[in-house]
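Peer 1: For the protein sequence lines, the chains are R and V, in the order given.
Residue numbers 1 to 426, in the working numbering, belong to the letters of the first sequence in order.
Residue numbers 1001 to 1163, in the working numbering, belong to the letters of the second sequence in order.
Since the hints were derived computationally from the structure, they do not count as laboratory data.
Quick caveat, the model's predicted, so the values are computed rather than measured.
Incorrect hints may have been included.
Capping the alpha-carbon separation at 27 Å, the derived lysine-lysine pairs in BS3-like fashion look like this [claimed, not checked]:
#1 R:Lys-393 x V:Lys-1034
#2 R:Lys-74 x V:Lys-1034
#3 R:Lys-316 x R:Lys-74
#4 V:Lys-1158 x R:Lys-28
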Amino acid sequence: MGMTMTQKILAAHAGLPSVRAGDLIEAKLDLVLGNDVTTPVAIGVFEAAGFERVFDPEKITVVLDHYTPCKDIKSAELCATARAFARKHGISHLYDTGAAGIEHALLPELGLVGPGDCVIGADSHTCTYGALGAFSTGVGSTDMAAGMAAGENWFRVPDAIRVVLTGSFRPFVSGKDVILDLIGRIGVDGALYQSLEFTGPGVAALSMDDRFTIANMAIEAGAKNGIFPVDDKTLEYGKGRFRREIRIFEADPDAHYARTVEIDLDALEPTVALPHLPSNTRPVSAVKGLPINQVVIGSCTNGRISDLRAAAAILKGRCVAPGLRCIVIPATQAVYLQCLEEGLAKIFIESGCALSTPTCGPCLGGHMGVMSAGERAVATTNRNFVGRMGHVKSEVILANPAVAAASAVRGCVADPAELEQEGCTC
Amino acid sequence: MLNGTVFHYGDNVDTDVIIPARYLNAPSPAELAKHCMEDIDAEFVNKVRPGDVMVAGWNFGCGSSREHAPIAIQASGVSCVIAASFARIFYRNAINIGFPILECPEAAEKIRSGDRVSVDLTTGEIQDETTGETFHAAAPPAFIGNIIAKGGLLAYLKDKVNR
């Protein structure tokens, strides 16, 4: 029986000719990632076990992105612990305030991950790099410690769901709507312990940023990873960027899939997920008018340049609704700079948005936009769990950047297509 | 043999309610335990006693990869979690820190909050002493059993690296 793309990457890293779903294997790692929340815990585990050296300092990356620039003394201490460890072990890929961006936007941008890689990260959205044709998955801090010590880890080889994409997007629809639609259809545990393997003629129409957004939220369907085939767009993106020799893997024609889900991109509408699960999806047209207090545009899901361009296109010549706060967070320093160079920063500020330095911040209720009881946000982030962005009685509605920007202008959940017809308002 | 009173929760209990992100910058187990389950059951930390058992539905521990979640539950005194299914990162994290978890959909459905249960981790037998019902959870695969037997993932790897 043939192998899926994920199975082939795992087999290659385990030094095995083939693997089957359910096999327990030990695979070599090309990169081990941690952040300011998870790395200090991993360091504690690493040191308590008595390890004195990391397997390869060049293959470990630490990104201080969650509570940074440090929001309080405790957060500062976490960062200090991570910095000291990196210094001690010669880990040069530590990205601190001023260089840091949100890890899952930063690592691809820097070329630290590429096609065919096997990557673990102590952050659940590590699955983002599947957009590049890598196997990458989120793990906990003990797994990170194990990866740092041994350069390998154990995996149960996953079965897969094949997601066949056809067609191309209508206006104001993007990668976020694909993944929200999919999660709405299969549920938050619909792909538990499985891979989501995206394929079909629709893939070619997706930008790399769309693919990052889709792979990023594979975890929200319970998946171990989400993965895209490597095509011309991947190679173009990686030109002069990928630091390792790339390895291109393709699923065998006779690979086994647990099921196949088809998504017609032409039929997709801008989609939102209502509180308190990412699977609680509706077309935006069904819930427009719902009052909101805050909009957040950013995160590892939707903080890349094409996301900010989509938001700016809506906000240009318009104003954020009175009484509403709109916080825009470019995911990396490079994206921030590009916002300045392309004039997007001016659009955001003139329309009344707060433009923040890169941080995960409000996505996880950390800082830079935490909500009080009774408040509701439309956010381009990835989770709308109870209390995710602040008070246990606050609510988050997940949406794409165009919907978020339109909602910021209207002061309620809004359809960008309707706003377009009205023209500029300020 | 573990023995305790049950705290029962529903499906999709996520790591944000197990330990909200606002406490993740205080990663000592005792500090995390003070806020365990705070956003889903504010009374949990006042009621839980050493040895108590958490029982929940499908996809327990979904969401963030924060190992702080099983650490918080373990430090609160809970002796094991029984669920219909576990989200995969939580599942790995629990194994890796040596915290017992059992997958048993039937037990998850029938056991109620406040029941007294006993759990035999070697056989996977779960006894609801309040109702008299017995359930059987599947034993972990041998590979995972070996990690647990070595005392967790790091001890397992240390052994391997030194060889």
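Peer 1: Is Lys-1158 of chain V within 27 Å of Lys-28 of chain R, Cα to Cα?
Peer 2: Holds. Lys-1158 of chain V to Lys-28 of chain R sits at ~16 Å (cutoff 27 Å).
Peer 1: When you check the alpha-carbon spacing of Lys-316 of chain R and Lys-74 of chain R, does it fall within 27 Å?
Peer 2: violated, 39 Å
Peer 1: Just to be careful, I want the Cα atoms of Lys-74 of chain R and Lys-1034 of chain V compared with a cutoff of 27 Å; is the pair within it?
Peer 2: holds, 17 Å
Peer 1: What's the verdict on Lys-393 of chain R and Lys-1034 of chain V, does the C-alpha distance respect the 27 Å limit or exceed it?
Peer 2: holds, 20 Å
In summary, the structure is inconsistent with hint 3 from the numbered list given earlier, while agreeing with all the others.
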